[in-house]
Amino acid sequence: MTPVIPVTEQLIEVEDLTVDFVSGGETVRAVDGLSFSLAAGRAIGLVGESGSGKSTVAGALLGLHRGTGARVGGAVRVGGTDVGTASDRELRALRGAVAAMVFQDPLSSLDPYYAVGDQIAEVYRVHTDATRRAARARAVEVLDRVGIPDAARRAHARPHEFSGGMRQRTLIAMALACEPRLLIADEPTTALDVTVQAQILDLLHDLRAETGMGLLLVTHDVGVAAESVDEVLVMRHGREVERGPVAEVLGAPKRTYTRTLLSSVPRVDTPVARAAAQPRPAAGEVLLEAVGLRREFRRGRRSVAAVDGVSLTVGAGETLGVVGESGSGKTTLGRMLVRLLDPTDGRLRYRGAEIAAASEKELRPHRRELQMIFQDPVASLNPRRSVGESVADPLRAAGAADEERIVARVRELLERVGLDPDRYDRYPHEFSGGQRQRVGIARALAAEPRLIVCDEPVSALDVTTQAQVVALLAELQRELGLALVFIAHDLAVVRQVSDRVAVMRDGRIVEQGTVEEVYGAPSDPYTRRLLAAVPVLDPVLAAARRSARKALPEPAGNVVAV
Amino acid sequence: MTRYLLKRLGGAVLVLLVLSVVIYGLFYLAPGDPARLACGERCSTQQVAQVREQLGLGDPVYTQYAHFLRGIVAGRDYSTGTALLHCDAPCLGFSYQTDQQVTSLILDRLPATLSLALGAMVIWLVIGVGTGLLSALRRGGITERALTVLTLAGTGTPVFILGLLLLMLVCAYLQWLPFPTYVPFTDDPEQWAWNMLLPWLTLGLFESAKYARLTRSSTLETLAEDHIRTFRAYGVGERAVVGRHALRGAVPPVIALSALDFGSVMGGAVLTESLFNIPGIGKSLIDGVREIDLPVVVGVVLVTGTAVVVANVVADLLYAAADRRVALL
Chain A
2 MTPVIPVTEQ LIEVEDLTVD FVSGGETVRA VDGLSFSLAA GRAIGLVGES
52 GSGKSTVAGA LLGLHRGTGA RVGGAVRVGG TDVGTASDRE LRALRGAVAA
102 MVFQDPLSSL DPYYAVGDQI AEVYRVHTDA TRRAARARAV EVLDRVGIPD
152 AARRAHARPH EFSGGMRQRT LIAMALACEP RLLIADEPTT ALDVTVQAQI
202 LDLLHDLRAE TGMGLLLVTH DVGVAAESVD EVLVMRHGRE VERGPVAEVL
252 GAPKRTYTRT LLSSVPRVDT PVARAAAQPR PAAGEVLLEA VGLRREFRRG
302 RRSVAAVDGV SLTVGAGETL GVVGESGSGK TTLGRMLVRL LDPTDGRLRY
352 RGAEIAAASE KELRPHRREL QMIFQDPVAS LNPRRSVGES VADPLRAAGA
402 ADEERIVARV RELLERVGLD PDRYDRYPHE FSGGQRQRVG IARALAAEPR
452 LIVCDEPVSA LDVTTQAQVV ALLAELQREL GLALVFIAHD LAVVRQVSDR
502 VAVMRDGRIV EQGTVEEVYG APSDPYTRRL LAAVPVLDPV LAAARRSARK
552 ALPEPAGNVV AV
Chain B
32 MTRYLLKRLG GAVLVLLVLS VVIYGLFYLA PGDPARLACG ERCSTQQVAQ
82 VREQLGLGDP VYTQYAHFLR GIVAGRDYST GTALLHCDAP CLGFSYQTDQ
132 QVTSLILDRL PATLSLALGA MVIWLVIGVG TGLLSALRRG GITERALTVL
182 TLAGTGTPVF ILGLLLLMLV CAYLQWLPFP TYVPFTDDPE QWAWNMLLPW
232 LTLGLFESAK YARLTRSSTL ETLAEDHIRT FRAYGVGERA VVGRHALRGA
282 VPPVIALSAL DFGSVMGGAV LTESLFNIPG IGKSLIDGVR EIDLPVVVGV
332 VLVTGTAVVV ANVVADLLYA AADRRVALL
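Residue numbers (our numbering), protein chains in the order written: chain A, 2 to 563; chain B, 32 to 360.
Hints listed in this document are in silico derivations from the structure and should not be mistaken for laboratory results.
Where a beta carbon is used, it is the ideal one built from N, C-alpha and C, also for glycine.
Among these hints, one or two may not hold up.
Stretches of chain A that chain B covers, calculated by requiring three or more beta carbons in the stretch to come under 8 Å of a beta carbon on chain B [claimed, not checked]: (1) 97-111; (2) 355-363.
Chain B side only, calculated, beta carbon under 10 Å to chain A, not exhaustive [as the list claims (entries may be wrong)]: (3) Ile259; (4) Arg263; (5) Tyr265; (6) Gly266; (7) Ala271; (8) Arg279; (9) Thr335; (10) Ala338; (11) Asn343.
Excised from the complex, chain A in its bound form (with noise of 0.2 Å):
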């Protein structure tokens, strides 16, 4: 009679899980045959682009799938539970106490209509014989504990009152409540800036060093892993790609599908290895140039400056990164450049011609040469029209009139941006994402633009989808002497597509440069903070980060704000 006492205890031991979902008869295997295991205090992290299942299997370890019409098969035992064959009560008692999930989207992922402290309080009674009194105050010291300052008086605040990093730090908060054994976090920071990103990266790590939790981390962003897990999985349609210790399977990836996953990664921590990296013609002819350019919008009885006095000048041929954290005024700025936007203030130049107050009639010679790409090619395009009905409107707009040469014209574009033109009847939704950027780019090139303002034109996609359309983009450029301006908030993609760069805050240029210049021996202490809240993809020089950002000071005013 020897007790059983298992030599590490799995917290997650997952085997030929398989989960089918289906819709109107069809069925979709969302996770097929997928196996794996975590010891308790260990952190895993499930990689792979949209699509690959890696959410579903999140779902799947607190039992979510159940009742949904979710198919799930194979064993998933959680914490001791077997989570398929759990009655509904176990399974309650193994959610948020046993295993706690941060979800993905703070804002929504919070009752709009409760206070975040008593939205805490109301989970941890579930696990708890607390007193409501008792559960409050539990709420505040978690609120507490994840850095929400004046936790006690925060708690009374619902979510909108929140800036997004303190959302997320709010639902972090929740997991915390019970002291549970595992946290789950789905894409915890997908939503956030890159300097909010790794201050709840951060946090993450030392909430799992000073409780010994296990960390089952879901994300697209390969370099998010790097920073904080033991081992990674990589997910590709719904199977394993490859699994191993973390530097292992980024140091030396084994698969063909890690390693294009990996490359497709823009960094900035390696020389710059773009496309055009051949020599460009030298910025000759100033194309625009903007000086002291403002915008304000009114806000009730105030008025708020999202771009405030923003010098800088564009040359043939050559590419602007623009960059910076939401709400910096790079969109406004973007959009005044190219003047859908009027300027409140300032001169805009455009070869030689004031454009900052033109009327629309005198704008009209230049609006041809001035187009702009959108952030989401979903909402970009209508929805209700062909694809290549949206393509031709530029062309019509000129005063095109011979139908045939206008179809021919678009098919020609479509097959440019690497499109089939036969799809020329097509509606947006039967494009992927990737695909309907490159509509939204040919619908830019139809005018024959000299300068193309590129708002986020990649932020929505995948990493492998993105670098196909940076390479596009990059080659279009050489091809057509185009003039770019890249809006972004990913101080990597700016990096690799960049000629010069500028960074942006408060509507106002922090810092402008070469590539070279800004990233190489970044001037500004924000430019130096942003570039150390990038996530790496070396977990050791990760670490290394880690303890570097806790030395750099956070600057005044941004500690309540995130």
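Here the structure of chain A is known, so what remains is to put chain B in place on it, guided by the hints.
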């Protein structure tokens, strides 16, 4: 907040002015001679002319309208030929038919309408929200389908058909209740309630169909939201998820719509009041129109307008109180 209220108040005054102008215009264009109607069948042409003079109907329509406006602000005097009557501000004039002051006529009728509106609201909230919630939770089942048919039938049946059916069934066929006659609450609360029961049911059932649909759709909408998933993933039981979180999301639209409906019923549930012979505001409007009693019609329309405008503001305020994300502009 103060800014919001001032803005809405200004808007309300404008709406009421436009309303009164429209009513004056309509009456000026409409056929029929109010003086003859006021005087009676047997009046001679001379007497009719005298009455017309007394009522000020000989003046051009804009002069009549200006007098009317002045009466609201400062009060005005009326001559009946034999005596001089003073009408205090806010004066809506005298009824052509009964010589009663319109303001006091409306005040007399207010309790009956208020009784009807309050009781009906309780019924539509209880039945409407209840069935709506039930059909949201039993989605796809027999219960939901049955409830859907019932609510559709409710919306599709005009209020006078519904009321007649109830009258025939309860009073004539089953003889559970006598035919209702209005008894003021202050006279006998018990009789008041028994006699109001059928009007309440008629109006309440009719309105509840709308509320059932609204509650069902907003509950389903909330149930599909991400935060519901959060609480399920934290082991919160289904009853608390529905009761605390899903139902909470359905509350703001329901109270906002209730305030609006309450306002329009206060302005006169014309059909229900006529059908059950309730001496309310809606009934006086019908009578006024039939007798071309301009002061009464204008007065009632203005009161109705005020009720609707106030209800709109109250609906906004309640919505903002129920959903703190909403800012009043």
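So, going through the hints one by one against the coordinates:
1. 97-111: Three-residue rule met by the region 97-111 of chain A, so holds; n is 9.
2. 355-363: violated (count 0)
3. Ile259: holds (8 Å)
4. Arg263: holds (7 Å)
5. Tyr265: holds (4 Å)
6. Gly266: Status holds, d = 4 Å.
7. Ala271: For Ala271/B, the interface hint holds, since the closest Cβ of chain A sits about 8 Å away, which is under 10 Å.
8. Arg279: holds (5 Å)
9. Thr335: Since chain A brings no Cβ nearer than about 34 Å to Thr335/B, farther than 10 Å, the hint is violated.
10. Ala338: violated (29 Å)
11. Asn343: It is violated, given that the least Cβ distance between Asn343/B and chain A is near 22 Å, above 10 Å.
Comparing the model with each numbered hint stated earlier shows that hints 2, 9, 10, 11 do not hold.
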